[in-house]
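S.K.: For reference, the chains in residue letters:
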Amino acid sequence: MTALLQASGITVSFGSVQALAGVDLDVRAGQLVGLIGPNGAGKTTFIDAITGFVPARGRVMFDGRDISAAPPHVRSRLGLARTWQTIELFDDLTVHENLAVAATRPTVGSSLGELVLGRRQRAEQHADDAVALLELAEFAGRMPSELPQGKRKLVGVARALAGRSKLILLDEPASGLNTAESLDLGQRLRRVADEGVAMLLVDHDMGLVLNICDEVYVIDFGHLLAHGPPGDVRRNPAVLAAYLGGPADAAQQLDGETAASSAERAGEAQ
Amino acid sequence: MSEVIGFLLLGIGSGALISGVGMGVVLSYRGAGVINLAVGAFAMLSGYFFWAIRSGEFASIGTVPAVVLTLLFSALLGVAFELLVVRPQRSATPLAKLIAALGVLLALQAAVILAFGQSAQPQPTILPAGNVIIAGVPVAWYNFIIAGILLVIAVVFMALYRWTRFGLGTRAAAENQAHAMFMGLSPNRLSLANTVLMTVMMGIVGLLSASITEVDSQTLPLLIVPGLAAAMFGRFTSFSVTFVAGVLMGMAESLLLYFSTESWFPTNQGGPIPGYDELLIFIVLVVAMFLRAGKIPARGDVLERRLPAAPVPRAPVRSALIYGAIAAAALYFLPGGFRGALITSLISAILLLSLVITTGFLGQVSVVQLALGGVAGFAVSHFATNFGIGFPWAPIMGVLLAAVFGLLCGIPALRVRGVSLAVVTLAAAVAIENFGFGNTTWGGGVTGSYVPPPSLFGFNFGPNASLHGLDGIEPSPLFGWFVLIVLVLLGLFVCNLRRSGLGQDMLAVRANERAAAAAGINVQYTKLLGFTLSAAVAGVGGALLAYNYGSITADSYDTITALALIAFAYISGITTVPGAIWGGLIFIGSITAYALQDWFGIQGEWFTLIGGLLLILTLVQRPEGVATAMFYGPRPSLRALRLTRRGGGPPGGSQIADRVGEAKVAS
Ligand SMILES: Nc1ncnc2c1ncn2[C@@H]1O[C@H](COP(=O)(O)OP(=O)(O)O)[C@@H](O)[C@H]1O
Ligand SMILES: [Mg+2]
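In order, the protein sequence lines correspond to chains A and B.
Position one of the first sequence corresponds to residue 309 (the working numbering), numbered consecutively onward.
Position one of the second sequence corresponds to residue 718 (the working numbering), numbered consecutively onward.
Among the hints, a few may not be true.
Where chain A lies over chain B, by a calculated footprint (3+ residues, C-beta under 8 Å) [stated by the list, open to error]:
hint, segment
1, 1201-1214
2, 1231-1244
Which stretches of chain A does chain B cover? Using the computed rule of at least three CB atoms under 8 Å from a CB of chain B, they are [unchecked claim]:
hint, segment
3, 391-401
4, 409-415
5, 443-449
6, 522-529
Since the hints were made in silico from the structure, they are not lab data.
Cβ atoms here follow ideal geometry from the backbone N, Cα and C, with glycine treated the same way.
Hey, can you work out the whole structure from these sequences and the hints?
M.R.: Below you can see the structure in the form of structure tokens.
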């Protein structure tokens, strides 16, 4: 089975700084893939490169097409959505309008109808679905800036979901959320993935990533360190060294997290 | 051909004045982050002051004390400008600051017209007379003196900014106000010092300009356009580049003047074509923009306020019926003068609607909208007089032509935005007014261009139609009703636009271009479409204005009126349809202005003066505009919301990197 996203040899330089050096990464349909790495490793830059927001070398295949040269909005329309670490909502539109913008593209025909007759023709089913999934209904009519930070993050995720996307790249969706919120978000994301929407989850929260992802990639200083199922990555010595400094306490910490999260999973199963 | 050298030297003096204004722009930008459209107006005010205390208008004192007093006056002007405009606007967006400076420009201009009248005054010169013959051309000494003085000023500023604590502090504050505070320097005091430096230098420019031009309300204020071009070359930061660019522009203008006497130079009605130097400045500015604008350093101010919210219209059809019915009745029952003023108000409202699209929805300030209206107006006139094409085909083609011009004006908006775009469209407006409308072939020249009244199947419904109002006086209410119907339809159109997917896309682009692209919006297409729609609306307004006047000149669509239009749009509310309509009702020539003149004898200039001052006040107190605030109720969260725009979160390394990325995409 060929992957939905096949990124090969992604290389990005900012002047003399090489932020990404030949990273290969695949995501298959319906898969939830994690991308972790220390601060400044190049995770955001990777998302920028895949979605067309920084010039990058290498090849990006998406859904059987080479999109390496396509501008961001074209990639988005092919089904490649993203969220932002800094949220980046449309501050001048209500939450619902934020999602509606992503859910449908106006055509010449629909615009004429709306402008001359004043009818609303946007099919907003997807926006409503996203609102329902992330339980944002009570905020739909509000302006984004009236929402607390955690909810704003969710609106960003909902906007990406509303776009009928095949793959969503999530840049640290759980940062700024508390532990309970973060767990809750993880479960919702898992559910979306199970419905067939693939996701690439970038996060600092190792517990979250290692628990819900099918596969995990680790980068540091723009280089791919390891990839594989969460269980293997967790025990990879190179990852331990890079990610947490010393292998000994790192392993301990990771094991601790694993223990905690399996307890949560057990609780969930009951 | 050796005369060329002489003519090049002749341009040094006026070029140095351009440099002076350009350096004033640089000072304002470095000191306060303002693209200060009022720089030339400060020079004008100082020039008037000097004239008034020398010539006997206020006093007649000797040259030296008069110079000292004038510079003192300039410094006080700087203090007032700092305290009343710059400081309250410190945390505003660059665009809001530019609009505030526009308010100052309009107010100062109106103030001197009220105080000293429209005609130019012979300001006594302070420089010695006398010529030197170079390459067979007598070149006045003052050219070299003016250039020398401004060169010294440029060098002093360079040294000041490079080596003194004040200069370093200003540079630090421009990057990050917190840095300056850590250095133990008060950003307030730094800003004040920069502003006063600027106004004093403009005082010097005002004094020196006496050798070249008489003092009037237009020449020095409009020197801002070439001044901005020079400053753009200097990326709004370099005094040396700005100085050189200004002098070169003056020399190029002088050379064009020399060429304009040659037989090969294109002519219009026996003279050289009008407006060629404005066209030159526009071209220079576009070149500067493409070469340099992307590299203009952004300033890191502590807070950032954005454009006012654009709320979704409530029950627009009902409002249209109620207010439409009131206006229709008023058009019949009001006495003639009031009826005419009401018609002008309705047309102004249409022009303001076009600003709602470009600025309110797309978030771009375009000064060129009124000139686009003029394109349609002159098209209506020339289609009728040259080709015998009348209503409705002439206005339809005129509106299409305006839309095409709007599309062309939108192209720079793909590359630059915000203040740079405002600057380019300002130069475009000046060029279209002088080069386009000033030309008798496709414009109106000074004598004007006839516009036959609109009629359909032989039925005239122009201002002179046979049906008269209750008092039996022209203009005909028929024309008023026609304008009213057009306004209602366009108002509903803009309301629909706000609610449509296209309008939401525009607001998404206005809020965040990166996120808009990530949501699948083609940002460039959306902008161009917005500019084209807006130009078409402006074209309708311009064509109606032409029918209203019956004969149009370049002055019918002049740049100062275009700037005033933006000012009133902001005052009333630039993001909503009610804002546009109420803006029309209080604009220059509106029914409100007419009433004040008729009942209290208040001159029109007072309107511009009050408008300019109100604009500054509105920007601070009610940024969403008075009418918008009235119609969409108090939005108490608005202010809080603006302050938290970027959200919380620790400013970690990658967040800063994201911002760097954003700045890159934005350029
Ligand atoms: N626009 C940019 N210009 C210069 N350097 C950048 C830019 N964006 C990111 N970087 C650098 O690239 C590296 C990777 O950054 P980033 O992708 O944001 O890391 P992460 O998201 O993993 O924390 C960092 O060293 C960062 O400083
Ligand atoms: Mg990041």
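S.K.: Does the segment 1201-1214 of chain B contain three or more residues whose Cβ lies closer than 8 Å to a Cβ of chain A?
M.R.: Holds: 5 residues of the segment 1201-1214 of chain B have a Cβ under 8 Å from chain A.
S.K.: Three residues minimum, CB to CB under 8 Å: does the segment 1231-1244 of chain B make the cut for coverage by chain A? Let me know.
M.R.: holds (count 10)
S.K.: Three or more residues of the segment 522-529 of chain A near chain B by CB distance under 8 Å?
M.R.: violated (count 0)
S.K.: Counting residues of the segment 391-401 of chain A whose CB is closer than 8 Å to a CB in chain B, do you get three or more?
M.R.: holds (count 10)
S.K.: Take the segment 409-415 of chain A, compare each residue's beta carbon with every beta carbon of chain B, and decide whether three or more fall closer than 8 Å.
M.R.: It holds, with 5 qualifying residues against the three required.
S.K.: Residue count check for the segment 443-449 of chain A against chain B: does it reach three with CB-CB under 8 Å?
M.R.: violated (count 0)
Figure legend: structure checked against the earlier numbered hints; hints not met, in rising order: 5, 6.
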